[in-house]
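So you can see what is in the structure, the chains are spelled out below.
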Amino acid sequence: MIAHVEIPGLPAGIAPGKVAVWWFLASEIMVFGGLIATYIVFRLGGSGWAEASHHLNVTLATVNTLVLLTSSYTVVQAFVAAERRDARAVRGHLALTILGGFIFLGLKAVEYTTEIRAGFTPGTGIFWSFYYMMTGLHALHVIGGIVVNGAVLATEGVSVRHPHRVELAGLYWHFVDVVWIFLFPLLYLA
Amino acid sequence: MTTATAEHLRHSVWTTYVFSTDHKTIAKQYLAQGLFWIVVGGLLAGAMRWQLAWPDTKVPLLGEIGPEVYNMLVTMHGTIMVFFVAMPILLGAFGNFLIPLMIGARDMVFPRLNMLSVWTFALASLVMLASFFVPGGAASAGWTGYPPVSAKPVYTGVTWGINLWILGLALEFASFLMGGVNYLTTAIVLRAPGMTLARVPLVVWQQLTAAALFLLSVGPLIAGAVMLLMDRTLGTGFFSPELGGDPLLWQHLFWFFGHPEVYVVLLPALGFVLEVLPVFSRKPIFGYRWIIGATVVAAALSFIVWAHHMFISGMDPRLAMPFSVTTILISVPFAYLIFAMIATLWRGSIRFDVPMLWALGFLTMFIGGGLTGIFNGSAPADIYLSGTYFIVAHFHYTLFSTVFFGGFAGVYYWFPKMFGRVLHGGLGHAHFWLTLVFFNVTFFPMHHLGLAGMVRRIANPLQYDALVPHQWINVLATYGTLCLLAAQIPFAINILWSWLAGAPAANNPWNATTLEWAAPSPPPHLNWGARVPTVHRGAYEYSVPGEPLDWLSQDSAPPARTETGSPR
Numbered sequence: 000m001i002a003h004v005e006i007p008g009l010p011a012g013i014a015p016g017k018v019a020v021w022w023f024l025a026s027e028i029m030v031f032g033g034l035i036a037t038y039i040v041f042r043l044g045g046s047g048w049a050e051a052s053h054h055l056n057v058t059l060a061t062v063n064t065l066v067l068l069t070s071s072y073t074v075v076q077a078f079v080a081a082e083r084r085d086a087r088a089v090r091g092h093l094a095l096t097i098l099g100g101f102i103f104l105g106l107k108a109v110e111y112t113t114e115i116r117a118g119f120t121p122g123t124g125i126f127w128s129f130y131y132m133m134t135g136l137h138a139l140h141v142i143g144g145i146v147v148n149g150a151v152l153a154t155e156g157v158s159v160r161h162p163h164r165v166e167l168a169g170l171y172w173h174f175v176d177v178v179w180i181f182l183f184p185l186l187y188l189a
Numbered sequence: 000m001t002t003a004t005a006e007h008l009r010h011s012v013w014t015t016y017v018f019s020t021d022h023k024t025i026a027k028q029y030l031a032q033g034l035f036w037i038v039v040g041g042l043l044a045g046a047m048r049w050q051l052a053w054p055d056t057k058v059p060l061l062g063e064i065g066p067e068v069y070n071m072l073v074t075m076h077g078t079i080m081v082f083f084v085a086m087p088i089l090l091g092a093f094g095n096f097l098i099p100l101m102i103g104a105r106d107m108v109f110p111r112l113n114m115l116s117v118w119t120f121a122l123a124s125l126v127m128l129a130s131f132f133v134p135g136g137a138a139s140a141g142w143t144g145y146p147p148v149s150a151k152p153v154y155t156g157v158t159w160g161i162n163l164w165i166l167g168l169a170l171e172f173a174s175f176l177m178g179g180v181n182y183l184t185t186a187i188v189l190r191a192p193g194m195t196l197a198r199v200p201l202v203v204w205q206q207l208t209a210a211a212l213f214l215l216s217v218g219p220l221i222a223g224a225v226m227l228l229m230d231r232t233l234g235t236g237f238f239s240p241e242l243g244g245d246p247l248l249w250q251h252l253f254w255f256f257g258h259p260e261v262y263v264v265l266l267p268a269l270g271f272v273l274e275v276l277p278v279f280s281r282k283p284i285f286g287y288r289w290i291i292g293a294t295v296v297a298a299a300l301s302f303i304v305w306a307h308h309m310f311i312s313g314m315d316p317r318l319a320m321p322f323s324v325t326t327i328l329i330s331v332p333f334a335y336l337i338f339a340m341i342a343t344l345w346r347g348s349i350r351f352d353v354p355m356l357w358a359l360g361f362l363t364m365f366i367g368g369g370l371t372g373i374f375n376g377s378a379p380a381d382i383y384l385s386g387t388y389f390i391v392a393h394f395h396y397t398l399f400s401t402v403f404f405g406g407f408a409g410v411y412y413w414f415p416k417m418f419g420r421v422l423h424g425g426l427g428h429a430h431f432w433l434t435l436v437f438f439n440v441t442f443f444p445m446h447h448l449g450l451a452g453m454v455r456r457i458a459n460p461l462q463y464d465a466l467v468p469h470q471w472i473n474v475l476a477t478y479g480t481l482c483l484l485a486a487q488i489p490f491a492i493n494i495l496w497s498w499l500a501g502a503p504a505a506n507n508p509w510n511a512t513t514l515e516w517a518a519p520s521p522p523p524h525l526n527w528g529a530r531v532p533t534v535h536r537g538a539y540e541y542s543v544p545g546e547p548l549d550w551l552s553q554d555s556a557p558p559a560r561t562e563t564g565s566p567r
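Chains as they are written, first to last, in numbering that gives the first Met the number 0: chain A, 0 to 189; chain B, 0 to 567.
If you are wondering where the hints come from, they were derived from the structure by calculation, not from laboratory data. Only a predicted model underlies this, so the values are computations on that prediction, with no experimental measurement involved. All residues carry an ideal CB built from backbone N, CA and C; glycine is no exception. Where hints are given, some of them may not hold.
To be verified - Capping the alpha-carbon separation at 20 angstroms, the derived lysine to any residue pairs in SDA-like fashion look like this:
| hint | chain 1 | residue 1 | chain 2 | residue 2 |
| --- | --- | --- | --- | --- |
| 1 | A | Lys-17 | B | Arg-111 |
| 2 | B | Lys-57 | B | Met-314 |
| 3 | B | Lys-151 | A | Gly-124 |
| 4 | A | Lys-17 | B | Ile-187 |
| 5 | B | Lys-27 | B | Tyr-16 |
| 6 | A | Lys-17 | B | Lys-151 |
| 7 | A | Lys-17 | B | Ala-211 |
| 8 | A | Lys-17 | A | Gly-124 |
| 9 | B | Lys-151 | A | Thr-120 |
| 10 | A | Lys-107 | A | Ser-52 |
| 11 | B | Lys-151 | B | Tyr-16 |
To be verified - Listed next, the stretches of chain B that the computed footprint assigns to chain A, with coverage defined by at least 3 CB atoms under 8 angstroms from CB atoms of chain A:
| hint | region |
| --- | --- |
| 12 | 174-185 |
| 13 | 235-249 |
| 14 | 330-337 |
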């Protein structure tokens with residue numbers, strides 16, 4: 000049996016996890032990039048989109064944007080704490096990040112409910128098809144981010160052994176945040 | 000995050016053969032699933048051809064096939080061959096097996112992600128298999144799943160079949176996304192000492208380019224698949240003009256992925272051939288760096304050619320010329336690759352072992368497919384040819400040569416390393432020559448059928464008076480198909496018999512230079528002994544002047560220098 004197993008040829012400063020997460024994010028960018036490009040092309044070529052968009056609740060979405068931005072701040076703080084090996088602060092900041100995710104999803108659920116009650120369902124028209132699909136796919140990513148942050152919280156929040164895991168979870172959370180930064184003006188403001 | 004950690008070293012039957020994190024076992028699991036699907040996909044093709052030659056007669060074992068079942072056969076044959084045969088074998092099996100061995104690593108950088116990837120693929124396989132048995136049958140909207148047919152269940156009569164088809168493909172994509180991230184990260188961080196990027200064997204370059212291509216092209220189709228599923232189940236209108244949607248949107252999203260996907264499948268097989276040609280010509284590969292450059296250029300161009308699949312779709316005709324230009328442009332890097340292969344053969348000491356036969360078969364047959372591609376890529380010609388059997392002939396000359404000629408070159412070349420056994424040469428020769436002949440009997444006449452006006456996806460050519468005089472060609476192609484299927488029997492016997500009772504293989508039976516041949520056959524868990532190899536030279540040092548052997552392994556140390564400083 001091999002007693003000693005080395006990792007050869009690992010250039011200093013390249014963490015495998017970071018390389019992998021960036022490749023993963025590149026593929027995710029293509030998912031949302033394709034979707035957003037499609038939305039823009041359809042919207043430029045169609046009519047009636049702005050009127051449909053006026054039925055959305057801009058106030059709630061603005062609050063949601065601020066919630067997500069704040070949670071991006073707390074996830075950075077969690078990484079700073081992880082580099083200090085301060086498990087208690089990691090725990091606190093990741094919990095706040097996850098809380099931000101849940102608030103976002105809660106407000107989104109309120110929005111969906113009022114819209115569906117007002118008669119705007121996915122089958123109402125092309126704007127609503129895009130609206131439900133884009134925000135729905137984003138919401139799935141928020142749920143995914145909550146799961147990832149929760150998994151990191153469960154280990155690194157107890158004692159910090161792998162601070163880079165907090166960073167990787169944060170990278171993904173930032174991505175989810177950035178997607179929303181594109182969706183918010185495209186769907187609500189334009 | 001771990002490579003080769005202590006948990007790697009604990010073994011039981013379950014962790015050795017089933018839930019293994021060893022890249023070589025995972026490669027074999029992909030291979031086994033791909034071989035299973037070849038049988039399914041091949042038999043579906045046999046049933047299709049039977050219906051086309053002798054319409055509405057009883058197919059052996061299946062009974063009579065109506066147009067609905069025929070649509071299902073067409074759809075599932077295409078889906079299975081591209082996503083469940085080509086990808087698991089060319090990328091899943093060979094990518095997993097070769098990348099760590101050829102760069103001198105002990106395993107993939109994320110072994111557990113690797114295991115998750117193969118089991119996600121198994122789940123995708125199960126979903127796809129289950130879709131045959133749900134009420135309404137399997138998907139029947141074509142392997143490209145064009146709406147409106149695919150978007151409304153009433154148009155096909157297939158409800159769960161298409162939903163499961165979308166789900167199965169989504170799982171398959173997830174599996175290969177995990178695999179692709181793993182391949183790329185492994186090659187970036189785990190190369191052995193001395194294995195610079197300019198010494199990495201070409202097949203690894205091809206696998207990595209394919210992985211990057213898949214990662215970057217599949218996203219828009221994932222978005223499209225979610226749209227299609229929502230159109231089918233939630234009543235959204237992405238592909239319904241009455242709600243403001245557009246069926247053409249799917250074609251754009253599908254082919255934005257679909258054309259790079261062709262190269263995702265092609266590049267690994269091209270890589271096998273690029274490995275085999277120098278070994279059996281005893282010559283260095285011609286233009287190593289230019290081959291890498293041409294590959295990357297072709298990959299990049301593949302993102303801007305997709306609308307050549309849509310010349311007659313009704314898209315804005317002003318798009319036709321730009322996409323014709325990019326399509327013709329992409330033949331430049333591919334022509335370079337083909338010339339590099341031919342130049343490698345030039346004045347080589349060619350050995351006609353079985354892997355070499357398949358590699359040469361790939362080269363000749365692929366040129367045939369490439370030439371018809373020029374017709375199809377040019378919009379004025381394609382307007383006549385699109386959607387006919389000329390296209391069917393074209394993409395079988397490219398894809399069959401890739402997946403089967405290229406794939407078999409890989410299987411025959413690396414089988415001794417994978418299983419530690421030698422394949423039978425006579426059976427291999429029989430397999431090759433029969434496949435070569437009956438492949439051409441099947442597909443060459445289809446060029447004529449297409450030019451004569453036979454369109455794709457019709458279940459009964461005899462319904463069209465203009466096609467009746469050409470029916471003998473359909474019969475000929477069907478005999479070709481049945482013989483082509485039978486020609487795989489020597490292969491099945493060969494791998495089963497050799498795997499169980501073949502002669503043990505030497506570590507380096509072909510006198511090849513790349514690192515995998517420096518490992519035992521088959522390589523043990525973690526591949527190398529106490530230390531990983533150190534790389535001293537490029538991947539193709541054959542027939543180096545002044546050397547006693549006509550090959551220098553990548554890990555063989557350079558000759559000691561004399562006091563004057565000159566070698567030897």
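Report the numbers of all earlier hints that the structure fails to satisfy, in ascending order. Failing hints, ascending: 2, 6, 8, 11 and 14.
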